[in-house]
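Protein sequences, first through last, are from chains B and H. The numbering used here applies: residue 110 is where the first sequence begins, and numbers increase by one. The numbering used here applies: residue 110 is where the second sequence begins, and numbers increase by one.
For chains that are exact copies, the list does not tell them apart, and a pair is met inside one copy or across any two.
Calculated lysine-lysine pairs in the DSBU-like style (CA-CA distance at most 30 Å, straight line):
hint	residue 1	residue 2
1	Lys318	Lys301
2	Lys259	Lys366
3	Lys448	Lys248
4	Lys248	Lys131
5	Lys434	Lys301
6	Lys301	Lys448
7	Lys448	Lys436
8	Lys400	Lys318
9	Lys160	Lys259
10	Lys400	Lys259
11	Lys434	Lys448
Since the hints were made in silico from the structure, they are not lab data.
Number of protein chains: 2
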Amino acid sequence: MVSNSLEQDADFMRRAVFLAEKGVGQTSPNPAVGAVIVHDGRVVGEGYHMKCGEPHAERVAIANAKGHGFTQWSEATLYCTLEPCSTAGRTGACSTAILEKGMKRVVYGAQDPNPSHTGKVNELFQKAGIAVMSGILQKECDSLIRGFRKVQETGLPWVILKSAMSLDGKITRPEGEGQWLTSEASRLEVHKLRAEVDAIITGGNTVRKDAPQLTVRLPERSLESRQPRRVILTRDRHSLPIEAEIIQDSKTIIYEKEDLKDVLRDLGSQGVNTVLIEAGGELLGAFCDDKLVDEVVMFYAPLLTGGEAVGVGGVGVKSLDDVMKLKQVHYTQIGDDIKMRGTVEKERGE
Amino acid sequence: MVSNSLEQDADFMRRAVFLAEKGVGQTSPNPAVGAVIVHDGRVVGEGYHMKCGEPHAERVAIANAKGHGFTQWSEATLYCTLEPCSTAGRTGACSTAILEKGMKRVVYGAQDPNPSHTGKVNELFQKAGIAVMSGILQKECDSLIRGFRKVQETGLPWVILKSAMSLDGKITRPEGEGQWLTSEASRLEVHKLRAEVDAIITGGNTVRKDAPQLTVRLPERSLESRQPRRVILTRDRHSLPIEAEIIQDSKTIIYEKEDLKDVLRDLGSQGVNTVLIEAGGELLGAFCDDKLVDEVVMFYAPLLTGGEAVGVGGVGVKSLDDVMKLKQVHYTQIGDDIKMRGTVEKERGE
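Just chain B, same shape as in the assembly (with noise of 0.2 Å):
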């Protein structure tokens, strides 16, 4: 029985979902995408897009139900979380292989952000037979490629402040002193979200006091796992300590440039579609003034410092109307800490 009601497509829409999350942080300039292939109310084929130049989600999730012996294509269902490419890329249009197999009916989450292609594939299915709906858990969906979007609308990549905090918004390492007071657990919460970005970006002042690695580094994490590209801006590229491993590291990438939007623009044009900020006070607050920031992440340790060292500095607003808002706020306590995610609100003075 093949029930097409909307909860059980947003059920397994919500598999396709798991499955493109397997794939943040690996796929750039791709976006993470998942897809499974249903029969008979039951997944036959799933499958997600690991890494750009390799095959797209739903021609994994096509090979899985084959390698599974599936033969009944034109009772099968296929769910994606984005539009299935109408157009051949590095490995042949998604639609052509959906067509050739001659699908039931396809269902996808988030349209193709590219004007140009949105929409393009219902067209093509509904000439041939095949039933089409998109927009299931389109929320979650487009969350998946927010950064693949923005690259495409505005050539920048999205951008995520992260910053580890006292109780009163002070950088929690006094200057010197390169213990972390965050905990343990909150630590493996930073890896876990460089993990999701395609570069992490610092200030030369960071990569001198605290010699960080910005790598990611986790138990479960393969060593296949591409790591995220490492970035650091400075005014002089000859102050920094060239014994340290980020700066041996040939694929770190230095500016010298002072226009923030220059260096994203530069980023997103080289593939990259996230970037994660982990820097200083000064450099946090220069992303805020330029109104660069899409996300922000911060972790409180429960203590205070009182003083002037502040964790997220630069100019500041001078009104209200232009402070940096935040919506869909997160609070998640780990241990003693507490973890903040937020997006920014886009309205204030743009």
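Assemble chain H onto chain B, guided by the hints.
Using the frame of chain B, we list chain H on its own:
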């Protein structure tokens, strides 16, 4: 049937704590105390100390039981959050009233913090054949009298530092903008917090800039409820706006003293057991610098401001050892705001 199980004792003591809480903020220089009289497993009388000069909780509970026609005192147990007083104060020793009634058993939570009284009733009651047990719900009962105890032990009131900040630790009201950024619900919490304390301290700058009322405004609060004393710290009292209601109120206390400990000691000697500091970053920071803070309550609005207008300033700590660590940290989400409340650990470099 009278069960003496610890669980049942804790249940009745919980009721006594609940009653005591009604008096918090109303009883100084006395502590808030609640009492319950139990016979045959049922509450036959209860009460709490309402304000200084009025009967103590034990006497209120006895009168309440009497009012209901209760007479079987020799089979009754008295639960009291604090050790019954053994010396006649304004209203006669409660131990005398209990002895007169010839009660069967007395259970109390916290010990009298006055070292010359501590545990004195135990002997008194035991001699009279009254069973005594102490330490039931001790943590909760101790917390009820934390201000009272601190004044007894040190001459200084319990100090609660409060601020409402952005997620990057900046005061949420940019200078000259009177509007609050935390939500209506968070503001209600602030009024509840004010209702807990005997005095509210602010700075001359805050009075000049924000003209705060610093009063408790709660819908459920009765008109006779005592308002906390309002205290202003300023370098020059003549710089304060004479037309402001807070200045015109003859009960407002204004200090020109520089030494914060002196100010607190003077308030303690005037019967203030607990103070709330609601002020700008400089004054809050000064209390932190001088290690005078016992508890911290922070409200965070879901926004970032950047810049340097810190919510807690002062000189700040020079090393991690000096950091003000919080324990018993509770986070409560209030709409999109978050409230953090914690007690200061007392080990740091003292």
